[in-house]
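Asker: Single-letter residue listing:
Protein chains: 2
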Amino acid sequence: MGNEEQGAIYRDVVRAEWVDYNGHLRDAFYMLVFSFATDALLDAIGLDDEQRRSRHRSVYTLEAHVNYLHEIKEGVAIEVIVRVLAHDTKRMHLYLEMHADGHTGPVAASEQMMLHVDTNGASGPRAAPFDPDVIDCVRKHAAASAMLPPPSYTGRVIGLRRERSQVLGS
Amino acid sequence: MGNEEQGAIYRDVVRAEWVDYNGHLRDAFYMLVFSFATDALLDAIGLDDEQRRSRHRSVYTLEAHVNYLHEIKEGVAIEVIVRVLAHDTKRMHLYLEMHADGHTGPVAASEQMMLHVDTNGASGPRAAPFDPDVIDCVRKHAAASAMLPPPSYTGRVIGLRRERSQVLGS
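Top to bottom, those sequences are chains W and D.
Residue 71 in our numbering sits at position 71 of the first sequence, with consecutive numbering throughout.
Residue 59 in our numbering sits at position 59 of the second sequence, with consecutive numbering throughout.
If you are wondering where the hints come from, they were derived from the structure by calculation, not from laboratory data.
You may find that some hints are simply not true.
For identical chains, the list gives no copy identity; a pair is met inside one copy or between any two copies.
Unchecked claim - Quick list of in silico lysine to any residue cross-link-like pairs, SDA-like style, CA-CA up to 20 Å:
no. : residue 1 : residue 2
1   : 73        : 53
2   : 140       : 9
3   : 73        : 120
4   : 73        : 32
5   : 73        : 20
6   : 140       : 16
7   : 73        : 118
8   : 140       : 43
9   : 73        : 59
10  : 73        : 56
11  : 140       : 124
12  : 73        : 19
13  : 73        : 49
14  : 73        : 101
15  : 73        : 157
16  : 73        : 52
17  : 73        : 18
18  : 140       : 39
Work out the full structure, taking the sequences as your base and the hints as a guide.
Answerer: Set out below in structure tokens:
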């Protein structure tokens, strides 16, 4: 279950199969860790794997933005805190920050838009409102997330001009 | 080598280890396919693995935005076209579109900002200009990319209001 003071938390270690030839976590595998962290949030709002199957529900990622802030190496312990920045009856706007042993600030951040779907339709999955018990959990997580300092990496547009002051002092 | 009429192209098949319990490509593994496609572009501009090692160069992903447009299943053939939308002396702004057998439009799109780095520094990797032969290849890819129709998923900001008219008819 999620820690309601901080939002859902996911912990892991950078695995050997996730690193590139430099021994650093490959870009796509930051996203995999964020994906596992989103699963942890789903568990915490009552939509774990078993519930998703039995209720014929699922949650799709519509869009994800990721900022890569620091390289991290194989074997390093990592932790992701998942916040619910906003929600409506069918959607959650999430903010995820990855922290790693030996780094003071986040090593990556991600903004994601998730859509709740009914997987039981004859014509395929369709967007559907969260069930009442689930939306209640979503509201609790959103309220807890609102207590945290404002997120640093949201509302971003990619473009060359904006990137000049980016990481690595370039 | 890349096809200069279309930009670099990467082809693969949705692998068993990439799908979720529904048999669909998991969000993070779209990003892995895009990452392999970016490698294909690096090969095409003269920065393949061997060259990156011998020149002490690497290319880092600073930021990635991904739009998930359609679910795709295990075994489906996929193709990613990589465009260079813009560049400066050290950076490339890429646009990647993933197509899959049996779908008329793209199944996913991604915008990414890449940074060229010198990995040889005593104080760690530092942003560095592309070598002359490489920047020449980057320019050729950018010119070829400019001949394609405008990209559909660029300049995006995540937020609940914008998402209301999103996919799945919700």
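Asker: All hints, please: hold or fail.
Answerer: Here is what the structure says about each hint:
For the homomeric pair residue 73 and residue 53, the shortest alpha-carbon distance between copies (18 Å) is at most 20 Å, but the shortest distance inside one copy (36 Å) is not. Taking CA atoms no more than 20 Å apart as the test, residue 140 paired with residue 9 passes inside one copy only; the shortest distance there is 15 Å, against 45 Å between copies. Proximity of residue 73 and residue 120 under a CA criterion of 20 Å is satisfied inter-copy only: 18 Å between copies versus 42 Å inside one chain copy. Proximity of residue 73 and residue 32 under a CA criterion of 20 Å is satisfied in both settings, with 15 Å inside one chain copy and 18 Å between copies.
When the C-alpha separation of residue 73 and residue 20 is checked against a cutoff of 20 Å, the pair qualifies only within one copy, where the shortest distance is 9 Å, while the shortest distance between copies is 26 Å. Within a single copy, residue 140 and residue 16 get their C-alpha atoms no closer than 36 Å, and across copies no closer than 36 Å, so neither meets the 20 Å cut-off. Proximity of residue 73 and residue 118 under a CA criterion of 20 Å is satisfied inter-copy only: 18 Å between copies versus 39 Å inside one chain copy. Taking the shortest Cα distances, residue 140 and residue 43 sit within 20 Å of each other inside one copy (14 Å), while across copies they are farther apart (48 Å).
Taking the shortest alpha-carbon separations for residue 73 and residue 59, only the inter-copy value of 17 Å comes in at or below 20 Å, while the best intra-copy value is 31 Å. For the homomeric pair residue 73 and residue 56, the shortest alpha-carbon distance between copies (19 Å) is at most 20 Å, but the shortest distance inside one copy (39 Å) is not. In this homomeric assembly, residue 140 and residue 124 never come within 20 Å of each other (Cα to Cα): the closest approach is 30 Å inside a single copy and 43 Å across copies. For a Cα distance limit of 20 Å, the shortest separation of residue 73 from residue 19 inside one copy, 7 Å, qualifies, whereas the shortest one across copies, 26 Å, does not.
Taking the closest pair of Cα atoms, residue 73 and residue 49 come within 20 Å of each other only across two copies (19 Å); inside a single copy the shortest separation is 30 Å, beyond that limit. When the C-alpha separation of residue 73 and residue 101 is checked against a cutoff of 20 Å, the pair qualifies only within one copy, where the shortest distance is 10 Å, while the shortest distance between copies is 36 Å. Within a single copy, residue 73 and residue 157 get their C-alpha atoms no closer than 28 Å, and across copies no closer than 30 Å, so neither meets the 20 Å cut-off. Taking identical chains as interchangeable, the C-alpha atoms of residue 73 and residue 52 lie at most 20 Å apart only when they sit on different chains, with a minimum of 19 Å there against 34 Å within one chain.
In this homomeric assembly, residue 73 and residue 18 come within 20 Å of each other (Cα to Cα) only inside a single copy, at 10 Å, whereas the closest approach across copies is 23 Å. When the C-alpha separation of residue 140 and residue 39 is checked against a cutoff of 20 Å, the pair qualifies only within one copy, where the shortest distance is 17 Å, while the shortest distance between copies is 42 Å.
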